[in-house]
Amino acid sequence: MTTADVSPSAPLSGDRDWSAFATPGDEGRLHMDLAVEGITCAACMSTIERGLKGLDGVAHARVNLTTRRLAVDWEPQAVDAGAIVRRLERLGYRAHPFDPGRLTAEEDAESKELLRCMGAAGFGAMNIMLLSVSVWAGNVTDIDAPTRDLFHWVSALIAIPIVAYSGRPFFRSAIRALAAFRTNMDVPITIGVVLTLGLSIFETMRSAEHAFFDSVVMLLFFLLVGRFLDQNMRRRTRSVAENIAALRVESAALIGPDGTVRDVPLSKVEPGALVLVRPGERVSVDGVVEEGASDIDQSLITGETDLVAVGPGDRVYAGTLDVGGVLKVRVTAATAGTLLDEVNRLLEAAAQAKSKYMRLADRAASAYAPIVHSAAALTFLGWWLFGGLDVAPAGIIAVSVLIITCPCALALAIPAVQVVTSGILFRAGVLIHSGDAIERLASVDTIVFDKTGTLTLPEARLLNMSDFTVERLLAAGRLARASRHPLGVALAEATRAVAPPAEVREVPGRGIETAGEGAVERLGAPDFCGADEATVAALHERFPDASLVAHRDASGGVIVCALRQGVREDAAAVIAALKATGYAVEILSGDREAAVAAIAGDLGVDRWTSGVKPADKIARIEALKAEGRKVLMVGDGLNDAPALAAATVSLSPVTAVHLSQAAADAVFLGDRLTPVAVALRVARRAKTAMVQNLGLSVVYNAVAVPIAVAGLVTPLIAALAMSGSSILVTLNALRLRLGGDH
Amino acid sequence: MDVLIFLIPIAIGLGLLGLFAFMWTLKSGQYDDLEGAKWRILEDDDLPSGKAPCEPPGGSQK
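From first to last, the protein sequence lines are chains A and B. Count along the first sequence starting at 1, add 3, and that's the number in this note's numbering. Count along the second sequence starting at 1, add 63, and that's the number in this note's numbering.
None of these hints come from the bench; they were simulated from the model. Backbone N, C-alpha and C define an ideal beta-carbon position, used for all residues, glycine too. A hint or two may mislead.
Claimed, not checked - So the derived list for chain A, only partly shown, Cβ under 8 Å to chain B, looks like this:
| hint | residue |
| --- | --- |
| 1 | A62 |
| 2 | H63 |
| 3 | V66 |
| 4 | N67 |
| 5 | L68 |
| 6 | K115 |
| 7 | L118 |
| 8 | F126 |
| 9 | M129 |
| 10 | M132 |
| 11 | V136 |
| 12 | K271 |
| 13 | S558 |
To be verified - Have a look at the derived ranges for each label pair, beta carbon to beta carbon:
| hint | chain 1 | residue 1 | chain 2 | residue 2 | range |
| --- | --- | --- | --- | --- | --- |
| 14 | A | R185 | B | G92 | 15 to 21 Å |
| 15 | B | K101 | A | T144 | 34 to 40 Å |
| 16 | B | K101 | A | R610 | 51 to 57 Å |
| 17 | B | K101 | A | S137 | 36 to 42 Å |
| 18 | A | Q80 | B | A84 | 34 to 40 Å |
| 19 | B | L89 | A | E273 | 35 to 41 Å |
| 20 | B | G92 | A | A600 | 55 to 61 Å |
| 21 | B | G92 | A | R508 | 40 to 46 Å |
| 22 | B | G92 | A | F174 | 52 to 58 Å |
| 23 | A | G328 | B | M86 | 56 to 62 Å |
| 24 | A | T43 | B | L89 | 56 to 62 Å |
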């Protein structure tokens, strides 16, 4: 059993209005979905469920151990949402409700539909196979024609509704593709399935020896299994991403008309509302400052690490960090002319350009369909004109060409690899949004990194720790513990100090000082603490891009600490390894030249550009693409979002802003950069496996087609060939797991 | 061969029974949490007596 760490200083349930997260359920009850931190095992599951059911009025509490989520239903008269969250907190779990406006049930419904189709196809395949095996056995012994016809008719009776029901996902997609004058893998599948079914009914009516009902239903079953696995992989990635979003508490402190402050989900904040932003919090909306003055850290938006001073009338953007004072912000809609709007416009244009990429599977399909269909047509003409057959038997042989080449292996060749690969990447901490991102990752030859938040960690690090004694730093760290400024927090973390002084007073814009008895201690800007200018100048010389924090202790001794956002621990090693593998590495940052130059020097990156705007980032990436390069963009800020969408493929750390995560093809977890290198390596191996699988399908067709053209295909051969080739490509995909990359 | 008239409907009927059972399990959400389901088997909450152990089962798990 774990006891998750609940920080005693910040009771989450404080003034939060949890009921805004609830949705009406059955019988007048309220329902809420929460992401729960700290669920690790089955014991947590029963602790939470039992603990909540002990509350009066809680009708239903169920933990989902797969998605780490909790669903609660309660009677609004007997208990309120706040009591539920407080009970959870007492049990040792932090709960974060999902914003009901952001949860989508769409993919769940799609996945259930696939499962239903799969169940029906499985039932059909088994029952028809039962009848078919009897016919095959009877054909070589002593079955009489009426019995065989009966068996075929019963098979038809099962197959027709099953195909109509289970084939819908393919038929829909094929019709959509044809309506847009494109072709995809579902077009030959649909043609094959419909023709095979039609031929089998025709053959049954003239009481022929062979019918292919078993093949057609089995084909659907195999394809649906592939589809379902693919869908399941995307669903899993999405649910983890949603949990992460909920854990980052995307809510806003809304100021009511009567002056009360309530925390509400973002989807319930309307333009024109007034929102409170407290020091140390992220601004959750775009808006204009109505009241108050503060410094804002915009690094997530512009990449610039310098703080920006804002006052009444200034714009603030969602995702920025308030490090100074309390702000009241009037929420604006994203109207024309704002930064976000500009970013969105660039994003749309870039996304359109990207959709032109043609997936490997679709390319294979567009080559495959004409070849197979003309082969079938030639077979028909050949047998009819030169082979001396009538129209009907010649047509049957032609259709059998379509049956045996029905793209079972081809349709599985790539999804099977994608599913296995995304599973490997999932365990390595890389969540892929789309299956074809793997192919695009494999083709990359140039990698462009953003600096702030991507190569560096979002938190600052102490640079000149060795200048001071441990005791002296601890003294500074204790006072820093009381600060909410990010630099103060970083200093406290760096010194691992605990127990801040009891009484601390904040001097706005300058720092903090002790307010108790005895000599005053101060922490903040160097001149606030009386640091001598020579020391400050020397530190600026040593660490040109660092921020300085000074501390004056009770005896009047002053130290000056230099803090800077630290480079990810393994960044240098990862970049060296990437360069050794032959990738061209580049840095594109919105930050100042000095800061970028220092990082680029440390990491050994020769090509870097500083102070670039979002449009410049796109321009650079387009220029690289025009040179014929395949670009991987790794970035996290809002200013990176358009570039992420414009690049061939893009990755984003999990700390990135919402928009960037949505624009990126994959998100990587943790404080390390290694997942980027792993993703590239795994993707290359996956691409090899995909090409092998396509090769296997071609070989299979090269063997099968001549047999079909010669008119020798029996249902038994078709069934064996189809399942054999499907199993072969699936096994080849599974082989990827045997590698040591995860 | 007359026996087929009974056997085929019985075989298909049994298959349909399985299919409906599957559809029912799907509809009642039994595949929503495969990870949790395997642990719930071990829970004693449904026992009539109030003797459910105070310590949660599987307490030795990490």
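Query raised in the report: Okay, which hints does this one fail, numbers in order?
Result: 1, 2, 10, 11, 12, 13, 14, 15, 21, 22, 24
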